[in-house]
Amino acid sequence: MIEIDHLTKRFSRHTAVDDISFEVGSGQVVGFLGPNGAGKTTTLRMLTGYLPPSSGFASVDGHDVFRDPLGARRKIGYLPESVPLYLDMRVREYLTFRGQIKGLRGRGLKRRLDEVLDQCGLQNVHRKMIKTLSKGYRQRVGIADALIHEPPLLILDEPTNGLDPNQIRSIRKLITRLGKKHTILVSTHILSEVAQLCNQIIIIDGGRIKAADTPANLVGQMRVAGRVTAEIKGPAEEIGAALQELKAVKKVSHELAKDGWEHFSIFVESSTDARERIANLARDKKWPLRSLSRHEATLEEVFVELTRKD
Amino acid sequence: MRTLLTLYAKELRSYFLSPFGWIVLAFTAIMQGVSLSTAMKILQDTPIADSLVYIVFHTPIFWFYFLFIFPLITMRLFAEEERSGTLETLLTAPVRTSQVVFSKYFAALSFYVILWIPAFVHFQLFSTLTNIPTPFTNGSLLGAFLIIFLMGVFYTAVGVLASSLTSSQIIAGIITICMLVIHYFLGFVTVIWGETSEAVGFFHYISCQEHLHFFAKGLIDSRPIVYNLSMAAIVLFLTHHIVDYRRWKR
Numbered sequence: 001m002i003e004i005d006h007l008t009k010r011f012s013r014h015t016a017v018d019d020i021s022f023e024v025g026s027g028q029v030v031g032f033l034g035p036n037g038a039g040k041t042t043t044l045r046m047l048t049g050y051l052p053p054s055s056g057f058a059s060v061d062g063h064d065v066f067r068d069p070l071g072a073r074r075k076i077g078y079l080p081e082s083v084p085l086y087l088d089m090r091v092r093e094y095l096t097f098r099g100q101i102k103g104l105r106g107r108g109l110k111r112r113l114d115e116v117l118d119q120c121g122l123q124n125v126h127r128k129m130i131k132t133l134s135k136g137y138r139q140r141v142g143i144a145d146a147l148i149h150e151p152p153l154l155i156l157d158e159p160t161n162g163l164d165p166n167q168i169r170s171i172r173k174l175i176t177r178l179g180k181k182h183t184i185l186v187s188t189h190i191l192s193e194v195a196q197l198c199n200q201i202i203i204i205d206g207g208r209i210k211a212a213d214t215p216a217n218l219v220g221q222m223r224v225a226g227r228v229t230a231e232i233k234g235p236a237e238e239i240g241a242a243l244q245e246l247k248a249v250k251k252v253s254h255e256l257a258k259d260g261w262e263h264f265s266i267f268v269e270s271s272t273d274a275r276e277r278i279a280n281l282a283r284d285k286k287w288p289l290r291s292l293s294r295h296e297a298t299l300e301e302v303f304v305e306l307t308r309k310d
Numbered sequence: 001m002r003t004l005l006t007l008y009a010k011e012l013r014s015y016f017l018s019p020f021g022w023i024v025l026a027f028t029a030i031m032q033g034v035s036l037s038t039a040m041k042i043l044q045d046t047p048i049a050d051s052l053v054y055i056v057f058h059t060p061i062f063w064f065y066f067l068f069i070f071p072l073i074t075m076r077l078f079a080e081e082e083r084s085g086t087l088e089t090l091l092t093a094p095v096r097t098s099q100v101v102f103s104k105y106f107a108a109l110s111f112y113v114i115l116w117i118p119a120f121v122h123f124q125l126f127s128t129l130t131n132i133p134t135p136f137t138n139g140s141l142l143g144a145f146l147i148i149f150l151m152g153v154f155y156t157a158v159g160v161l162a163s164s165l166t167s168s169q170i171i172a173g174i175i176t177i178c179m180l181v182i183h184y185f186l187g188f189v190t191v192i193w194g195e196t197s198e199a200v201g202f203f204h205y206i207s208c209q210e211h212l213h214f215f216a217k218g219l220i221d222s223r224p225i226v227y228n229l230s231m232a233a234i235v236l237f238l239t240h241h242i243v244d245y246r247r248w249k250r
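Residue numbers (this note's numbering), protein chains in the order written: chain U, 1 to 310; chain C, 1 to 250.
Derived from the structure by calculation, the hints contain no laboratory data. Fair warning: this is a prediction, and the values are worked out from it, not measured in the lab. Glycine included, every Cβ here is placed at the ideal spot set by N, Cα and C. Keep in mind that the hints are not guaranteed to be accurate.
[Said to hold, decoys possible] Ranges of calculated distance between the beta carbons of each label pair, as one might list FRET restraints:
no. : chain 1 : residue 1 : chain 2 : residue 2 : range
1   : U       : G108      : C       : R96       : 45 to 53 Å
2   : C       : P60       : U       : R10       : 53 to 61 Å
3   : U       : A216      : C       : G85       : 32 to 40 Å
4   : U       : F57       : C       : L229      : 39 to 47 Å
5   : U       : T132      : C       : F20       : 14 to 22 Å
6   : U       : T8        : C       : R246      : 48 to 56 Å
7   : U       : K131      : C       : S127      : 42 to 50 Å
8   : U       : T15       : C       : P60       : 54 to 62 Å
9   : C       : R246      : U       : R13       : 16 to 24 Å
[Unchecked claim] Computed footprint of chain C on chain U; a stretch qualifies when at least three of its residues, placed anywhere within it, have a C-beta under 8 Å from a C-beta of chain C:
no. : stretch
10  : 80-88
11  : 121-134
12  : 202-216
13  : 247-254
Please model the complete structure; the sequences and the hints are all you need to start from.
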């Protein structure tokens, strides 16, 4: 659905997006993550044809966004970060206008209007002026606008930005529902959201792609995923040395004993699970083992590890 | 074409859905009325060979309010969209930049034409209400309104250009009025410095005062028609490129 090839955007001195390439297949819900200023919005703007790229190529559903911008834009429903709307229009009037410039007419337009108003929960505010709506409703009007021409691809730039937890939940539910019919590229930095919504994640920082994979794979590959903690009773030095001998163990660090139990943090190679071997070792040596747990990495740790500046 | 019409209808409607449009309409209607009554006073006081139409368009306040119409009706067009960010949603919808520029321009021009309806009605009602035989010929009425329209074609384009240059309505308005005032004074160059310089022909050619002078007498000259139309085309062409270029440079 989306094809981006060596896309670069340079502003006078600053390179916002630096030679990125990725593809998004049909029907996927892709999370586009990165710290502020990483180049997310710039990438999305190039994809929607609002900013022309400095070099490189991007296409949506086979339409080059630069050579055939109108063809590409017909395939895209775009919600910009700031959700710009005409504040002095009524909800239905605004959506009618947007539907018309996206090529809908007559009965088809009316049918779509009713559908999107329903889908986005706007039925009871459709006669209100947009300026009187709360941020959550404005966001929904923006999404309704993105949806109105039934685009195969939805691009949502931080759709839950600035909403309260209830509104975030309702937007998230909406996106989950939409994900069944549309390909979605959603940029955000709320990571719990991504884990629930997306089946693919692209992490970008400093204009470059740091990782692109499924959430499960990303979490699995991280260094933090290879950390096992164990509480064992026995001679600390001997235990440490024995643990170090085990297969696939990279580093053992001993933390202070609490109430007679020695705490160990054991770093193993990320794809292996050393817990069984540790348990066996403790049993063979007759060292009591109280707890043995593998650290579950979160997306947040993945994100921090990939994008921290040190 | 349908897209253009949709955009045009939205722009034109927005003049009438905000108090601002009505204020501009009221302002020009009042000034046109003042112009007319001033002209009638002049005719009453001194015998003049010129027609009522000619005098109405040559009262001292005419240029004052006439030039102010353009910043008022055009400053909002692009500046407001730029400031509120709606230019992004507009230009990422399947519409061409040219459609956006033309829809805004023609909406402003249509509103400008509507602004002149009160003045036209004044002249039509004049003899009915005063029982005086019409103190002007149809030729001068037609000529005056034709040049008013042609200047509108050009000056509205200037306003649209200024609006596309900035995201502040005030600055857009100031740029418009400055350009129009400069253009206005260029028309006075031959009056101030005399007819001796080599560029006299040029200054006569672009002088809006002279255009109005001849047209309001009923002398319809093809040169001002070509001048205003081609200047409008050039300015709109520039506007189109500026709207596109603003996206390139950022």
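How the hints compare with the structure:
no. : hint                          : result
1   : U/G108 <-> C/R96: 45 to 53 Å  : violated, 22 Å
2   : C/P60 <-> U/R10: 53 to 61 Å   : holds, 55 Å
3   : U/A216 <-> C/G85: 32 to 40 Å  : holds, 37 Å
4   : U/F57 <-> C/L229: 39 to 47 Å  : holds, 41 Å
5   : U/T132 <-> C/F20: 14 to 22 Å  : holds, 19 Å
6   : U/T8 <-> C/R246: 48 to 56 Å   : violated, 20 Å
7   : U/K131 <-> C/S127: 42 to 50 Å : holds, 48 Å
8   : U/T15 <-> C/P60: 54 to 62 Å   : holds, 58 Å
9   : C/R246 <-> U/R13: 16 to 24 Å  : holds, 19 Å
10  : 80-88                         : holds (count 7)
11  : 121-134                       : violated (count 0)
12  : 202-216                       : violated (count 0)
13  : 247-254                       : violated (count 0)
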